[in-house]
Structure formats: structure tokens, C-alpha cells
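In order, the protein sequences belong to chains L and D.
So in our numbering, spot 267 of the first sequence is number 267, and the numbers just go up one at a time.
So in our numbering, spot 79 of the second sequence is number 441, and the numbers just go up one at a time.
These are calculated hints, taken from the structure and not from any lab test.
A portion of the hints provided could be inaccurate.
Said to hold, decoys possible - In silico negatives: residues of chain D with every beta carbon more than 10 Å from chain L:
(1) Y446
(2) R784
(3) D890
(4) R894
Unchecked claim - Distance condition first, Cα-Cα at most 25 Å in a straight line; then the derived PhoX-like pairs of lysine-lysine:
(5) L:K267 with D:K759
(6) D:K406 with L:K267
(7) L:K342 with L:K267
(8) L:K207 with L:K267
(9) D:K802 with D:K731
(10) D:K851 with D:K814
Idealized CB from N, CA, C, for every residue including glycine.
Residue strings, one per chain:
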Amino acid sequence: MSDWQWFEDFEADALARGDEERARLRQIHRDAFDFREIDPDRSLLLFAEGRRLALMLGEPWWVLLFDHWRVHGLLHHKQDYRNVLDLAVRNVLEVRKPKYAGFPQKLWIDNDLVNIYLNLDPRGYADEIEQTLAQAEAELTPERDNARYLLLYSRLCAASCQDRLDDAHAIALRIHAQAQADPNRWPAEHFLIHLCETLCYLSNRRKTWADIAGWAEAGEELARRRGYQQPMSALLMWQATVAQRAGEKAKAKRLYRSASSRLGRLKAPLTSESYDAICSYHELAGNLEKALGLRDQQLQEDAQRGSVFGEFQARLMRLRLLATMGRVSEHDLAEARQATRKFRQPENYRGQIERAATGEVG
Amino acid sequence: MEKHRFNLHLPGLLKVLAEHLYSSKKVAIRELIQNAHDSCVRRKIEGGESDYRSRIDLDLDPVQRTLTIRDNGAGLTSEEIGTYLATIGRGYTRELREKLTLYSASEAAELIGQFGLGFLSAFLIAAEVTLTTRSFQGGQASRWHSVGDEHYELTPGWREEVGTSVELRVKPAASFLLREKELSETVRCYADFVPTPIYLQGDAYPLNRQAPPWEDDHADVAIREYIGRAFPGTEPLYVLQLRDWQVRLADGTLTVPLQGFLFVPPGSIASVREYGDLTVYIRRMFICDRERDLLPPWARFVRGVIDCPVLQPTASREGIHQDENFESVQQALEEQLGQDLRRLAQHDAPTWRLLVRGHSDVITGWAVKDNEFFERVEDLVVFRTTRGLLNLPDYLKQSGGNLYYVTRELGSLQEQLLAEGRDVPAIDASWFAVTPFLEKYTARHAEVGLVKLDGEAHTLLRSVPEGPFAGLLEHYRSQQLRARVAAFKPLDVPALILYPQGAEIVREARQSLDEGEMPGGLAGLISDYVERKSADAGDFQGTLYLNASCPLVRRLAEDAALGRDRAMVLAILYQTARLFAGRMLAPLEAVGAFREINQALERMMPP
């Protein structure tokens with residue numbers, strides 16, 4: 001059974017029996033999924049509503065499924081890490097109870113916890129994360145199409161967060177090859193869209209800027225076709241940076257306007273990748289003050305949402321920018337060093353802070 | 363550049379249009395009745411006969427498997443048969459409407475047909491179709507016959523009266539239409555409001571009511587009667603009769619013609635019995651029910667029936683195009699409903715209260731997402747509290763200005779009891795939207811405080827010096843238990859055990875780790891979680907609070923003569939508190955607690 005198949009079977013069965021309440025579980029899931037990036041608050045409310053209905057109907061798999069999506073929504077669309085750990089741990093414990101034997105989303109749930117720890121301290125928990133992913137991969141069966149992508153994607157994020165950019169790039173290309181060859185186009189395209197965005201981000205960090213245009217255009221076309229608003233906006237923004245770098249100012253401006261108005265319409269917060277794209281655009285345009293203002297905003301948002309690694313990244317990029325402007329102060333540096341104390345092993349991050357302060361790290 | 367013509371494969375196209383355009387076979391009845399009705403309208407407009415009375419008759423012959431739809435409308439000349447009937451995509455009705463729109467909008471509005479495709483739907487239910495028609499323009503009657511391939515036969519026919527008969531030889535798959543009951547229901551569903559009377563098997567009374575209830579002289583009564591029939595078991599709390607509505611556009615205004623009504627059923631249950639759906643008619647012909655996109659998302663406690671000629675049906679006319687007109691109708695409905703609900707709130711408080719109470723959950727959910735709607739309902743929504751259903755102004759009068767709430771789905775009795783002890787009711791916020799609603803309320807009312815009682819119940823306790831109770835506390839502490847003394851109400855409660863938030867998850871996680879259920883890497887992450895929580899919240903075994911205000915506890919602290927019995931009573935108090943807290947006990951632990959109570963009581967009894 002594919003990861004998603006039981007949703008469809010459940011709905012078809014409920015409809016055939018005229019059980020509208022159970023069929024509604026799938027409908028709520030569908031509605032919430034559709035809202036995930038354009039209005040994540042509404043999406044979360046719908047997931048909570050679905051959970052409630054599943055409880056009333058005595059459908060434990062659906063309860064857990066909605067709980068997984070609540071975690072997923074908080075992590076990836078709200079980027080809100082403040083209370084998500086309790087819920088993720090509860091799900092990991094719950095899915096191991098006998099009533100969930102064969103639950104197709106088990107690996108998704110384990111992967112949620114990995115994603116949280118990738119934010120809490122990706123280097124401090126590198127061993128635990130690696131072991132968890134390896135264990136999950138060992139449990140993979142051929143039909144677990146989504147789980148396979150999710151786990152690989154977590155490996156990609158781990159490598160990226162651990163500053164192993166070449167490894168991250170290699171994993172990204174592996175996912176890309178897998179998705180291209182996948183006969184099941186729905187999950188393949190879903191992940192390809194996000195992968196293209198990640199590849200733009202990685203290319204920017206690896207300074208292989210010539211690669212950005214191809215990934216951005218391919219991803220945008222897919223995203224447009226699938227109606228994925230957030231990645232489409234971000235990929236347009238990466239195209240704006242490409243045009244800006246090529247000195248095509250009018251095109252850059254047009255793309256920037258289109259991307260920023262789309263991003264503005266989304267009710268989801270900007271991702272750190274989107275911030276990188278927007279700030280790159282302004283830096284390339286020579287508008288460093290604007291870029292600095294955006295980094296300040298990013299820092300404030302990440303700190304408010306309890307995103308430990310996000311805050312670190314924002315500080316890193318801010319320091320690098322300040323170094324470029326020749327304005328790194330002792331206060332900035334002290335604050336950045338202080339922020340690394342939120343990690344389990346702060347020493348893993350200090351070196352990057354020091355290098356960023358000299359403008360070395362991209 | 364060379365231009366080429368498309369080639370049409372007519373049988374294939376016919377099959378696609380007839381079999382795949384429509385999702386329900388019953389639609390064929392709607393299309394044929396609509397054609398008959400439009401033909402009657404045409405005769406009324408173009409025939410100039412002052413005494414003309416239109417009618418449609420349905421005749422069934424289950425033995426011959428035929429269903430005949432007869433009308434006394436305008437009929438068709440043999441030329442018109444070629445031009446309109448046999449030309450897919452071209453219909454006289456649309457052309458007549460376009461002509462009439464210029465000088466007689468009301469007559470144009472009576473016409474229903476649109477695409478020139480409807481007649482094809484006959485092949486959904488019939489293997490063979492024979493149409494006999496005689497035009498009001500004079501000439502011989504014609505007979506048109508087709509078996510659904512690319513050919514048709516056109517021969518002279520015989521028909522005494524002006525009008526058209528369509529005889530369908532019904533396919534086995536559509537046999538249900540040969541039963542009177544099902545045919546009647548289908549006609550009522552699709553054509554109840556069509557003004558031409560429709561008679562079945564020569565009955566004296568028409569099947570359809572011919573006019574929507576909102577056109578009745580006593581529309582309010584007629585609409586309520588209609589709701590009772592169309593939505594069985596529904597006694598509406600409120601009904602709004604719709605009217606044309608002017609909406610603002612970027613470059614001016616637009617009047618949206620709107621007829622029908624909205625109503626609020628007696629009650630809803632979030633997720634299980636929600637509404638927000640409309641039955642949609644276009645020019646009195648039923649298009650669809652359960653249309654969920656026309657009403658605003660917050661109106662999931664509202665239902666209705668509308669007729670709006672500017673809505674554009676899809677080619678199958680089983681759905682509506684979501685175009686600019688659709689958006690204007692959405693806007694008109696939202697504004698009209700919003701305005702009337704405001705009026706209701708201001709001028710008919712009892713009805714408004716009834717409405718908000720009946721749909722509290724659904725309304726709460728949408729108010730969180732919609733600021734304007736929130737303002738309208740914030741003081742009216744009622745919440746489940748330890749003192750029954752209360753709205754927030756009434757609640758705040760009793761609580762002294764703070765909102766106390768519990769979110770736990772299970773086992774919040776301790777927190778509720780402590781709240782009541784402090785003479786404040788606790789709000790049950792386990793329902794999905796209650797917490798965000800309360801947060802929004804306090805964000806908008808700076809003077810109102812918000813106190814979450816889960817894991818924070820100690821905020822309802824008053825600290826007192828330990829001195830007088832040191833002996834009692836020492837008794838517990840010597841058994842490695844966390845014990846404190848505090849004053850709280852109710853006085854009858856001698857002791858409670860309070861746990862920090864998340865205690866249950868930590869307990870379960872520890873147990874799972876102890877039993878080796880977690881694989882290596884995951885075990886490492888879960889262990890880290892347990893450590894983090896322990897560092898944040900201290901001891902997850904819970905803290906026993908002795909109630910310094912309880913006479914029993916005071917006596918235990920003061921009466922040194924109690925001797926061995928004091929230890930027994932303290933054991934009973936501790937185990938009772940564990941049992942009352944409940945949620946941290948495994949079943950075997952609960953049995954153990956009862957056992958200890960029994961043993962203590964036995965020891966205290968005379969031998």
C-alpha cells in the first residue's frame with residue numbers, strides 16, 4: 001500500500017457506505033493541505049478540527065495523521081518551534097502502540113522529530129539524527145514512496161545545516177534523479193518543486209551561481225503547474241537574482257516585483273531560503289541597507305518563533321553582511337556568540353561565527 | 363500560411379457529449395423539460411395569442427418502455443429542426459434571449475436554455491428518440507428520429523396541436539425513470555420553480571409548484587413552509603430573504619440580481635454537522651445543491667436557496683463557473699448576510715442569542731479567522747464552563763476580570779476544582795478553537811487577563827509558611843516524595859498532587875525508553891527530550907500539596923497525640939490525592955493506591 005493509498009481507500013469506502021462523516025475526514029485533510037502555504041493558520045485549524053472529528057468517530061489512525069500534519073504545519077509552514085516538540089514526541093510514542101501496526105505514516109512521524117532536532121542543534125545531535133535516519137531507511141519498503149523522499153530530504157537538510165554543502169548538493173542530485181525516474185508523478189513533482197528551491201539556495205551558498213537559473217526556471221514551471229504558491233514565489237525571486245547578477249536590470253526588477261508581491265500575499269512567514277534570495281537580490285543591486293533591514297527582520301522572526309538554528313543562520317548572514325559593510329561591532333559579535341549557547345554543543349558553531357565576522361562565509 | 367478545417371467524428375462527439383458531459387442520468391429530464399418550457403415561452407412571446415396557456419405533460423408507458431414529454435409550445439418548422447435541433451452547440455433559446463435582452467429583459471429572463479446541447483442529454487437515458495413537432499408558424503408537422511448515431515431521419519409527421527412531443531425509448535440503465543414516484547421526484551428536484559405547469563399521466567394537478575416561495579404574497583410564511591419541506595426536520599432560527607444588491611467594484615458599482623433566502627438551522631456541530639451550503643437555481647432551473655463556495659467561509663452555520671441569473675452554469679449545468687460574476691455574487695451574499703446579522707444583533711437580541719448559542723462551536727472557529735466577524739460575536743459566543751454555558755461578559759463578572767481555562771481533553775477535574783475553590787468558573791477550552799478565541803479576546807481587551815490552568819494550577823494556591831506543617835512534610839519527604847504546603851479552596855480537599863505540563867508525555871517516554879521500545883537514534887532524541895523537560899519543569903513525579911486551610915490537615919499538624927494513626931491518615935491522604943489526579947497512574951498503580959488505603963484503614967480499625 002502506498003503512503004497515501006489508504007486515505008483514498010478510506011474515503012471511497014466511506015462514500016460507498018454513505019458515511020458522510022468519515023468521508024469528511026479526507027475532505028478536511030484535503031482542504032487543510034490546500035491551505036498549508038497560503039494560510040497556514042487556517043490549515044492548522046482545519047487539522048485540529050479533523051483531529052477532533054476523528055476522535056469523535058473513533059478513528060485513531062486519522063487522529064494520529066492529523067497530529068502529524070499539525071506538527072508538519074508548525075514546522076514547515078508556520079516555522080513555529082515553540083511548542084512543537086511535545087506534540088512530535090507524543091506522536092513518536094503513540095505510533096509505536098499496537099493499534100498503529102502497519103500505519104503507513106510511521107516514518108513520517110519519526111522524520112518530524114528529526115526535523116525538530118535539525119533545528120535545535122543539527123551538529124550536536126548529528127549522531128542521533130544519522131542513526132534515526134538510517135534506522136528509518138532500513139524500515140523502508142518499496143511502496144513507501146513519500147517516506148523515501150522525506151528521509152532523503154532530511155539527509156539533505158542535515159548536510160546543509162552541518163555545513164557539508166558538497167554532500168548536501170550530492171544528495172539533492174540523488175533526489176532529483178530519483179524523482180525524474182519515478183513513475184508516480186504526484187510525489188515526484190511535489191518533491192522536485194521544493195528540491196529546485198533548495199538547489200537554488202545551495203548553489204548560492206556554494207557560489208555556483210551559474211546553476212541557479214536552470215533550477216529556478218525548471219522549479220517555477222513545475223510549481224506554477226501544480227499551483228504551489230510559496231515555492232513559485234521563491235523561485236521567481238531566485239530568477240530575479242540571476243537577472244540582477246547578469247546586469248539585466250529591467251528583467252530583474254520585473255521578476256522581483258512579481259515575486260515579492262506573491263510572497264506578500266502568502267500568509268506564511270518567509271523561509272530562510274526566501275530571505276537569502278531576497279537579500280541576495282538587494283546585495284547584488286548594491287542596496288546593502290535594505291538587505292540588512294531584512295536580515296534584522298529575519299532574526300527577530302526566528303527568535304520569536306523559537307527557531308534556534310534559524311536564528312543562528314540569520315545571525316550568521318547578518319554578520320557576513322555587516323562585515324561586507326565594514327560595520328561589525330563587538331556587540332553584534334558578542335550577541336552572536338551568546339546565541340550559540342542555545343545549542344547543546346555551542347563550540348560546533350563558534351568557528352562559523354568568527355569566520356562570518358570577517359566576511360568569509362557565504 | 364495554410365488554414366485547415368477540423369474534422370469532426372460525430373458519433374464520438376455525440377457519445378462524449380451525451381454520456382460524459384453529465385454526471386447524472388436524471389439531468390436529461392431537466393434538459394428536456396427546460397426545452398419544453400423555453401418553447402412555451404417562445405410561443406407566448408412570438409405567438410401573440412392572448413388566451414394561450416402553456417403546459418407540459420409527461421406520459422409513461424412502462425410496458426413499451428417509453429417516456430414522452432409533450433408541450434404546447436412554439437414547435438419547430440422542418441427548417442428550424444435542421445438549424446437548431448440538429449446543429450450541436452446552436453440553440454434557438456440563446457439567440458432569442460440575445461434578441462430579447464435589448465428590449466424585454468423580463469421576457470429574456472424567462473428563457474432557460476443556453477448551450478444548444480441539452481437535447482443531446484436525451485441519449486443519456488434513451489436508446490431511441492422520436493420528436494414530433496408542429497410549429498405555431500404554420501405548415502405540416504415533422505417527425506425527427508435518431509438512435510444516437512450520426513444520422514437522423516426527418517419525415518412528415520402527424521400532430522394535431524401546435525407543440526412538440528419527445529418520445530424516449532428508455533435504456534435499461536435508466537429504468538428508474540419509468541417509475542412514477544422517481545420521475546415525480548426528479549421533476550420536483552429540477553423544475554419545481556419552472557413557471558410552466560408540468561402534469562404527469564394526465565393528473566389534474568401539476569407536479570411542480572411553478573413559483574419559488576419568495577415570490578409568494580406571504581413570502582415569509584411560504585419560505586418557512588418550503589424550508590420545512592425541502593430541509594426536513596429543520597425549524598430555522600432565522601431567515602433572510604435576499605434582494606438585489608449593489609456591490610462596489612474597482613471602477614464603479616454593479617447591481618447583482620439576487621433572489622432566494624438564507625436561513626440558520628437550529629444547531630450545528632463543528633466538523634460533523636456544518637452547513638455553509640446553498641442550493642442554486644439559475645432562472646428557476648435547479649443547478650446544484652451543497653454549493654459551498656458562494657457563502658463566506660465564516661458562515662458555516664447558514665444554509666440557503668438562491669436564484670441568480672448572472673451565475674454562469676457549466677455546460678452540463680451541474681455546477682457554476684467561478685468567474686467574476688461568481689465573485690460578485692459571493693460579495694453580495696457576504697455583505698447582505700453580514701449587514702442583516704448586524705441588524706439582528708442590534709435589534710433582535712433574543713434571536714441573535716439563540717443563533718449564537720446553537721452554533722457556538724462553528725462561530726467560534728470562524729471568528730478566530732475573521733476580525734470583523736469576531737467583533738460581532740465576541741461577547742455573544744457561549745463557552746462550556748464549570749458553571750454551565752456562559753458568554754464572556756457574564757463569565758468575567760463571575761471571575762473578577764480574568765479568563766481561566768483548561769485545555770486538557772482528559773482529567774482536568776483538579777484544575778476545575780481549584781478554580782471553583784477560588785470562586786472562579788473554569789472554561790473548557792479542549793474544543794479546537796476556544797483557546798485561540800480567548801487569546802484573541804484578551805489581545806483586544808487589555809484589561810482582561812488569561813490564565814491557563816493546565817500545568818499552572820499552582821497559581822491558584824496561596825503559599826503559607828511551612829513551620830507548623832514541618833512534621834507532616836518531613837513524613838512525606840522521608841519517602842522521597844516532593845511535598846509542600848499551601849492554602850487553597852475548597853477547604854474540604856486535604857491534599858492534591860499537581861504535575862507540570864507535559865508530565866504524561868515524559869512519563870510515557872521514560873517508560874518507553876525503559877522498556878527498550880525505541881531504536882538507537884530515536885532513543886537518543888527521546889532521552890534528550892526527557893532531560894530537557896526535567897530541566898525545565900523539575901520533578902515529573904508531581905508535587906503533593908497539603909492544604910493548610912483544611913481542618914483535617916491542621917489537626918494532623920497540631921495533634922501530637924495521634925501517634926501511629928497520623929502516619930496512616932497521611933498515607934490515605936497521599937493515595938487519595940494520587941487517585942484524584944488520576945491521569946498519571948497506570949492501572950496497576952491505581953490498584954496499588956487502593957491497596958494502601960485499605961491497609962491503612964484496616965490498621966486504624968479496632969482488632
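Structure-based check of each hint:
no.: 1; hint: Y446; in the structure: holds, 40 Å
no.: 2; hint: R784; in the structure: holds, 27 Å
no.: 3; hint: D890; in the structure: violated, 7 Å
no.: 4; hint: R894; in the structure: violated, 8 Å
no.: 5; hint: L:K267 with D:K759; in the structure: violated, 37 Å
no.: 6; hint: D:K406 with L:K267; in the structure: violated, 55 Å
no.: 7; hint: L:K342 with L:K267; in the structure: violated, 29 Å
no.: 8; hint: L:K207 with L:K267; in the structure: violated, 31 Å
no.: 9; hint: D:K802 with D:K731; in the structure: holds, 10 Å
no.: 10; hint: D:K851 with D:K814; in the structure: holds, 18 Å
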